[in-house]
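J.: Okay, here's what each chain looks like letter by letter:
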Amino acid sequence: MKEDIEQLRNLIRELDLQWLDEELEEIILSGKLQQKDIFESNRKTSKGIEQIAYTENEQLDIIISALKNYFITLPIVQSNTEKSLKESLKISKITFYENQQDIFNKIDLNTQKLSGLLNEIKK
Amino acid sequence: MRAKLLSDIKTELNRLTLGSNVYATRTAVDKLYEVYILSCVIQSLNLIGCTLEARNSNDRATTNFDFRLSPGYIYSPAASSSFIHIIYQGKEYELHNGVRVLGKADVLHELDSAIITRDEAVRCRQNNFQPRQSKIKFLAECKFYGADLPLHLGREFLGLCSEFSIRVKSLTSNVGSNNIHKLLISHRQTENFHISPSNPDKVDIFIKWISNELRQVL
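Residue numbers (this note's numbering), protein chains in the order written: chain A, 1 to 123; chain B, 1001 to 1218.
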């Protein structure tokens, strides 16, 4: 499990997706909050919240979820948005500008193979 | 077997990232999601019978819709995006993406999605002013993330809300966070989480929620 996590993180870095690696680092390091019983003189007195680390299994889930969101859901977001804007506003062209240049080209919607491969990791 | 699986994943990710420059920066991903949410707001406006028209940053009808990656001033045609002119029950508004507006403290805030009264927007374009918070009717902050939203985004949204004394404000994301949900409801603010094509039912509820809210404030 630990090896899978490291290899997937390395793969993300090799693809120059620094922003995604930083996002995963932030989420994994921040851990999760969990309710905890507080005992005084062997008697439960109240409930508190403690911060605990994600298990390796949860870390792997986070990485797989991120890859699915960015590489399977995002292409559909792009495609649906373009279709919806063109239909509802009767526009023929949508451009995303940065320094006078159109910086967005279409993401490939053919992500079925990747989806299957990511599902394989947890088997 | 394991090595082959990871190698195949790498090949697929390589194909997708090389094929599109959207993945080059976080900013491009964020912009794409902002525009997706803008398209949901447009569907909400259609639901309540608004008349909509795409306008370029010079306030002329257009069939070419331009989005700018960085937030811009409403009065600067070179830096601002196209917008949507709205007519609802005889009153006029504008729907903008990535626009800078003045909050209560007279400091600038960048709104991912905002509906501004038409009079205010025209006045600002003509006089090089920033729209005032009292003339904003709706705002949405949009966050596309891989897994749970980090808590600081909830805190930042609360800070933004304190600058806008309007009813319809939403933190919107493709993912969620129990902690941010708890934080926002305890301060009477609104989140709309899990809004993406993966959850069509949630998107439908989101669109209907916006249209119901807008019927009360437009």
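Source of the hints: derived by calculation from the structure; they are not laboratory data.
Mixed in with the good hints, there may be bad ones.
[Stated by the list, open to error] Stretch-level coverage of chain B by chain A, calculated; a stretch enters the list once three of its residues show a Cβ under 8 Å from a Cβ in chain A: (1) 1105-1113; (2) 1134-1143; (3) 1170-1184; (4) 1194-1201.
The beta carbon of each residue, even a glycine, is placed where N, CA and C say it ideally should be.
J.: In ascending order, which of the hints set out earlier in this document are inconsistent with the structure?
T.: The structure breaks hints 1 and 2; every other hint is satisfied.
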